[in-house]
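What follows is the residue order along each chain.
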Amino acid sequence: MEEHSVKAKLSAIAAALMVSLSMAFPAAVMASPEDDLKAFREYFKKRFPNVPFEDFVNGVYALDPAAREQWEAIEEFPPYEINIEKGKDLFHKPFKNGKTMASCFPDYKQGIKQNYPYFDTKSGKVKTLELEINECREKNGEKPFPWGKGPIADVSAYLAYLSRGKKIDVKVPNKAAEAEYDKGKHFFYAKRGQLNLACADCHVYYAGYHIRADLLSPALGQVTHFPVYRSKWGGLGTLHRRYSGCNKQVRAKPFPMQGPEYRALEYFHTYMSNGLPINGPGARK
Amino acid sequence: MAKSTIKIRAKEKGGVVTVKMLISHPMETGTRKDKKTGKLIPAHYITEVDAEANGEKKLTAYWSGGISKNPYLSFKYDGKKGDKLKISWQDNQGQSDSLETTVK
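Protein sequences, first through last, are from chains A and B.
Count along the first sequence from 1, then add 39; that gives the number in our numbering.
Count along the second sequence from 1, then add 1477; that gives the number in our numbering.
Any given hint could be a false lead.
Heads up, simulated BS3-like pairs for lysine-lysine below, C-alpha to C-alpha not over 27 Å straight-line [stated by the list, open to error]:
| hint | chain 1 | residue 1 | chain 2 | residue 2 |
| --- | --- | --- | --- | --- |
| 1 | B | Lys1546 | A | Lys324 |
| 2 | A | Lys132 | B | Lys1480 |
| 3 | A | Lys271 | B | Lys1546 |
| 4 | A | Lys271 | B | Lys1513 |
| 5 | B | Lys1480 | A | Lys148 |
| 6 | B | Lys1553 | B | Lys1563 |
| 7 | A | Lys148 | A | Lys84 |
| 8 | A | Lys324 | B | Lys1510 |
| 9 | B | Lys1546 | A | Lys127 |
| 10 | A | Lys125 | B | Lys1512 |
| 11 | A | Lys287 | B | Lys1512 |
| 12 | A | Lys138 | A | Lys178 |
| 13 | A | Lys182 | B | Lys1512 |
| 14 | B | Lys1563 | A | Lys182 |
| 15 | B | Lys1480 | A | Lys188 |
| 16 | A | Lys205 | A | Lys132 |
| 17 | B | Lys1513 | A | Lys125 |
These are calculated hints, taken from the structure and not from any lab test.
Start from the sequences, fold in the hints, and give me the full structure.
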């Protein structure tokens, strides 16, 4: 009897010690996505106090009134209109087996882009919209579209257009998802390339500053307008096409589009724009 | 009905009509080379744009290969709501298109 109670007392003390120890050393626990999001928003609110939260979706045009005027003039005849029509035709064109893409995206009419990317627990992969568009094609015996531009961007533009106004709602539901989120977060803040720059360098710390003749866009609200018609490209491109270009611009070898790195990055990057409305496809310089 | 190459917006304010339009056209200069074949892409650009309001000539533009792809054109004239606008273009390969609209 006495032995039992001593053991019980010892284990009770040990348990109490462990609890107090873990409370004294919480450093091993990383900040949660929710904490990151809160800090992200607060940073940009402080940096750009005169920009209303929803206006961040317009990037540099929320910061520079002269550029905004020119951009609004271009938006009178949106350069991506043809792409939306092409995307619509592609989406509804029957495959060899008779089905259309609507069979893979049954809720497409209500807008679905705001839910991407998402973590698919079954495959352990981050699924982006473009990835699923091609998975749909392959599932139905068709060749996948090449990434970055062309038909993949057109279909993405059509689906983005249908999702306009819907608030981004990316979820990080479990530990495995959080691991991918953290990979993306790490990528965003890590220096790379000969110019040794991180995404955060230009788009967080130096957002709003000039880079030669251009302004650096803030990372908050940065993904909402994709796929994007860039005057520089003279055409429409996807988010991963831009990631690729940005990496080349800091003289880093770009990662493969829709590969694990860019999908994790898109996961983190889009989560940081949760609550902001989709305004894609967009037009930029 | 075939889709027009011209997109147009015409608004009247204070007795002045502002006409804005975007024309879909490759506007090839004739000096670019095809990346795959190495051959010159033949010149294909709009040579003339005409704008009429209620049958009266308002603007004639003489263009060359110096104008970029998918050109945007904007002009103003003294007019009123309900004016019948007709925009037409012709290019160096003999193609042409036109569009009619009403001023809002």
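query: Does the structure break any of the earlier hints, and which numbers would those be?
result: Per hint list: 7 and 14 violated.
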